[in-house]
Amino acid sequence: GAGVSQTPSNKVTEKGKYVELRCDPISGHTALYWYRQSLGQGPEFLIYFQGTGAADDSGLPNDRFFAVRPEGSVSTLKIQRTERGDSAVYLCASSPQGYTDSYGYTFGSGTRLTVV
Amino acid sequence: KNQVEQSPQSLIILEGKNCTLQCNYTVSPFSNLRWYKQDTGRGPVSLTIMTFSENTKSNGRYTATLDADTKQSSLHITASQLSDSASYICVVSAASNYQLIWGAGTKLIIKP
Numbered sequence: 001g002a003g004v005s006q007t008p009s010n011k012v013t014e015k016g017k018y019v020e021l022r023c024d025p026i027s028g029h030t031a032l033y034w035y036r037q038s039l040g041q042g043p044e045f046l047i048y049f050q051g052t053g054a055a056d057d058s059g060l061p062n063d064r065f066f067a068v069r070p071e072g073s074v075s076t077l078k079i080q081r082t083e084r085g086d087s088a089v090y091l092c093a094s095s096p097q098g099y100t101d102s103y104g105y106t107f108g109s110g111t112r113l114t115v116v
Numbered sequence: 117k118n119q120v121e122q123s124p125q126s127l128i129i130l131e132g133k134n135c136t137l138q139c140n141y142t143v144s145p146f147s148n149l150r151w152y153k154q155d156t157g158r159g160p161v162s163l164t165i166m167t168f169s170e171n172t173k174s175n176g177r178y179t180a181t182l183d184a185d186t187k188q189s190s191l192h193i194t195a196s197q198l199s200d201s202a203s204y205i206c207v208v209s210a211a212s213n214y215q216l217i218w219g220a221g222t223k224l225i226i227k228p
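In order, the protein sequence lines correspond to chains E and B.
Heads up: the first sequence runs through residues 1 to 116, numbered per our numbering.
Heads up: the second sequence runs through residues 117 to 228, numbered per our numbering.
It is worth saying that the hints were derived from the structure and are not from the lab.
These numbers come from a predicted model, not from an experiment.
All C-beta atoms, glycine included, are put in the ideal place defined by N, C-alpha and C.
Worth double-checking, as some hints may not be accurate.
[Stated by the list, open to error] The calculated label-pair distances, taken between Cβ atoms and stated as ranges, are:
hint : chain 1 : residue 1 : chain 2 : residue 2 : range
1    : B       : S174      : E       : T52       : 36 to 44 Å
2    : E       : G53       : B       : N175      : 31 to 39 Å
3    : B       : P228      : E       : G51       : 25 to 33 Å
[Claimed, not checked] Examples of chain E residues toward chain B, derived with CB under 8 Å:
hint : residue
4    : G40
5    : G42
6    : P43
7    : F45
8    : L91
9    : G104
10   : F107
11   : G108
12   : S109
13   : G110
14   : T114
[Said to hold, decoys possible] From chain E, some residues computed to sit far from chain B (all C-beta separations above 10 Å):
hint : residue
15   : E44
16   : R84
17   : A93
18   : Y105
19   : T106
Make the full structure from the sequences, and use the hints.
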């Protein structure tokens, strides 16, 4: 596609439930990133994929968070046993090669997750 | 600790005026510095990227400067337009692991 697509755009879930957030990167981009952004803050790194593998998952806050990219394109961020503190905008970005890309990343519009 | 601090936290100016946003960082070793524009409800969009050897880079009415000695950057917006209303985020990449360290952003409001 022309840009990075994230679905759903908004998700409201009850505390303790499981959620999946989807990211469809720009076609051909091998690198994919997940970030979390709280109100009034800059994005916080979660995980970076190079192809199908997670090259850096050091930003995942705990084992309730997991992400996959089985075919090297679409990625799913999975959150188990959601907590109210998980409420944030989850941003996905992609780039042609990886961390060292000199022309920046292309971000999606994000999924706003609200845990009630 | 690697940090990026931006000032002011928010800024209101009249349409047509110029403004300058500041970014100070303590990231070391330094790889590059990026400025992003984030409209409300949208993902960040890259404006400029500068490496250690670059002092200035322009993108239309946006001009970014970098002083790697003092670890400071600024983003100057000329002849502001209503569409410039957004958050502007400074992001620094660490050469050691290429992770991006994000500032909290400056919220800019342009009034007619």
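Numbered hints the structure breaks, given as an ascending list: Violated hints: 3, 14, 15, 17, 18, 19; rest satisfied.
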